[in-house]
Amino acid sequence: MSSPVVKEMTFREVIAEAMSEEMRKDPSIYLMGEEVAEYNGAYKASKGMLAEFGDKRVIDTPISELGFSGIGVGSAMNGCRPIIEYMTFNFSLVCIDQIINNAAKMRQMSGGQWNIPIVFRGPTGSAGQLGATHSQAFENWYANCPGLKVVIPSNPYDAKGLLKSAIRDEDPVIFMESEQMYGDKMMIPQEEYTLPIGRADIKKKGKDLTLVSFGKIMKVAMDAAENLSKEGIEIEVIDLKTLRPLDYDTIIDSVKKNNHMVILEEAWPFASIASEISHVVQQRAFDYLDAPIRKINLPDVPAPYAPNLIEAWYPNVKQVINTIKKTLDIIK
Amino acid sequence: MKKITKDTYVQWFTDMSFWRRFEDKCRSLYLKQKIRGFLHLYNGEEAIPAGLTHAMDMSKDRIITAYRCHILSMAMGVDPKKIMAELFGKVTGTSHGMGGSMHIFSKEHRFYGGHGIVGGQIPLGAGVAFADNYFNRGAVTLTLMGDGAVRQGSLHETFNLAMTWKLPVVFICENNQYAMGTSVERTTNLQDIYKIGLSYDMPSAPVDGMDPVKVAEASYEAIDRARSSKGPTFLEIKTYRYRGHSMSDAEPYRNKDEIEQYKKQDPILKTRDLLLKNQWADESQLSIIEEQAKERVEECVRFAEDSDFPPLEQMYDLVYEQKNYPFWGRI
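For the record, the sequence lines run as chains L and U.
Going by the working numbering, the first residue of the first sequence is number 36, and it counts up by one from there.
Going by the working numbering, the first residue of the second sequence is number 613, and it counts up by one from there.
Read the hints as simulated data drawn from the structure, not as lab findings.
Be aware that a few hints might be false.
To be verified - So the derived list for chain U, only partly shown, Cβ under 8 angstroms to chain L, looks like this: (1) G732; (2) A743; (3) F915; (4) V931.
What the hints assert, rightly or not - Covered by chain U, according to a simulated footprint, are these stretches of chain L (three or more residues, beta-carbon under 8 angstroms): (5) 84-97; (6) 104-111; (7) 157-169; (8) 192-202.
Even for Gly, the Cβ is constructed at its ideal location relative to N, Cα and C.
If we strip away everything but chain L, and leave its shape as in the complex, we get:
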C-alpha cells in the first residue's frame, strides 16, 4: 500500500512541521522565544522540536522580547536565519524598535551590505475575552513599514506553504497566526510545497460583489458568502494572505468584474488596511464601481472584556451580510 498523499493536520501541527522541514535542511535556522522548547510552545506550535533539534536550535528565553528580538537581528547579521516567536504580537510592542529600526532598516542603511533573513512569528489579534491589551491587530502598523514583509494566512494549508517561504526569504518577514486558528484542521499534502509571498487567493468565486479579507476573520467572510449563496447572491471572496507587498492586481481585476466591494478586517478603522485598499481601488477602478466601497472594521475602541460587549465588538456574519446587501442596494 502506498503512503497517503494527504494527511489531516491542525494549524499548530503545520507550523511545527514547516519549521522542522526547513531546519532539517539548513543548520543556520534556529527557533527562539518564550516557552518554545521545554513547554513545546505556549500554543504547542513547536511541539517535538526540542526533542529533534536540541536546545542549541530550539531556545527558551526569559520574558525579554526586546532583548531576544535584537539578538535575533544581530545573529542574522552574522550568518544565522532566526525564527523569533512571540507568544502574541500584542507583546511585540516592547520590541518594535528592534523590528522597525533594526530589522527593517539594516539593509538600506548599510548600503546593501547586510540583508536580514529573519521571521518574527506568532498569533495576532483578539482571542475572546482577553481584555484590551491582549486583543490588538497590528498588521497595518507593520505593513506600513518599508523593509518588512507581512504574511497572514487564514488556514493550515496556506500557513505551511507561506511559512516555508517566509523562512527561506532573504528579507525580514512578519508572520501572523491566531490563537483561534491553531486547532483548525485541513488535509495537507505530504509532499513538500511552498506558496509565494505577495500573492492573494480567490477563496470563493462569485460575480456579484468582491469581499476582501485576511487572517482568522476570513472564516466570517466565508460564512457570510456561503449564506448569501443560498439566497442566490454570489460573492467573490479574496484572501490577501500577504499584506506587504499587497497583491492589488487580484483585487482590481475582481472589482472590475463585480463592480461592488466590501472589505472585512479585524483592526481599528482609522488608517487600516481596508482604508488603503479603498484608496487604491477608487484610484485604479473608479469607473467600474457601481456603489461606494464599504469597510467593516472593529469599533474605534479598545477591546472590551464583558461577554456581551466583546460579542458586539467583533464583526459577525450578520453584520457582513447586511453590509454586502446595503452595498448591492438590496436593503437600505
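Chain U: place on chain L using the hints.
Relative to the frame of chain L, chain U by itself:
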C-alpha cells in the same frame, strides 16, 4: 596581548593625530554645510579605539557602536575616504550615501554600525556574538554604548541574556559623562556605571579611557575571557569629549574649566610627550606625522568632493534583498 613597544606608540600617535584632524575637518565642513544631518565628534576619546584595536584579534573580532562612529570604524580598517564620502552623502560612501554620519557600516571590516537609536545596538551586538557562538567561530564582539544608553531597558535584557548564554561579547560603556546635555549624576542613583554589570554577576570594571595602555590591558583581559567561553564583561571606560554632543550643542551644562582640565590628560599630547621623553622620536619626526595627517584628511575631502551623489533609483534598490519588489507608486 601583543607587547606595547615604541612602534605601538608611534602608531598610536599617527592614528590618533589623524583621527583628531579628521573630526576637526568634519566640524569645519559641517559649518560650510558640506556635511549635514547630525554630526557627533570623537575629540578626546581617541585612546579608546587605539587601545581596543591593540587588544583585539583583528582577523576576526568585531565591533558595533552607537552614532559617534567615524573613528571606531576607521580603527577597524574602514577607508577614511569612504567615511568622508558617506558624510557628504556621496555614492562612494560606506553606505552609498544612505546612512550618513551616524550610520557607518562595513561588513568587510566587521564593523556592524553605526546606530542612531540610543541602546538599540546593544542586543544587536549580543546577537552578532550569538552567531559566533552558534557556529563556534572563536570571534569576540565588542559592543559599545554611551553613558546615556546604559539607562535603556535594552541593556538590562541583553546583559541578562548574554550572561545566561555566556555569549562571547564585551560590553563597553564609553562614559564621556554627558548623555547629550544631561550629566550622569542627574540621571541615576548608581553613578559608577560598571556596577550595573555586577547585578548580573558579570565581571565589570572601570577603566581610564584617557590612556590607550589601560584600555588595551582591560579590554584584552575581557576579550580573552569571552573567547575562552567564560562569557561577557562590562567595562566602563571613563573618557571625555571636548566638543558638544553634536554640532547643535551650545553646551550650557558644563564650563570651560572642566574641558581644560581634561585636555591636560589628552591622549595625543601624552603620547607625544612620552615619545619625546623616551627619545623614540624627535620634534621634526612628529611634525612630519602631523603634516601627513593633515594631508591625508585633505585627500579624504577631495575624494568626497569629487564623488557623485547617488542615482535616484538607489532609493529603491537597497531596501529589500528581493529584486523587483513592487514598491507602492514607485517614482
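How the hints compare with the structure:
no.	hint	result
1	G732	holds, 6 angstroms
2	A743	holds, 4 angstroms
3	F915	violated, 16 angstroms
4	V931	holds, 5 angstroms
5	84-97	holds (count 3)
6	104-111	holds (count 8)
7	157-169	violated (count 0)
8	192-202	violated (count 0)
Hint violations for this structure: numbers 3, 7, 8, all remaining hints satisfied.
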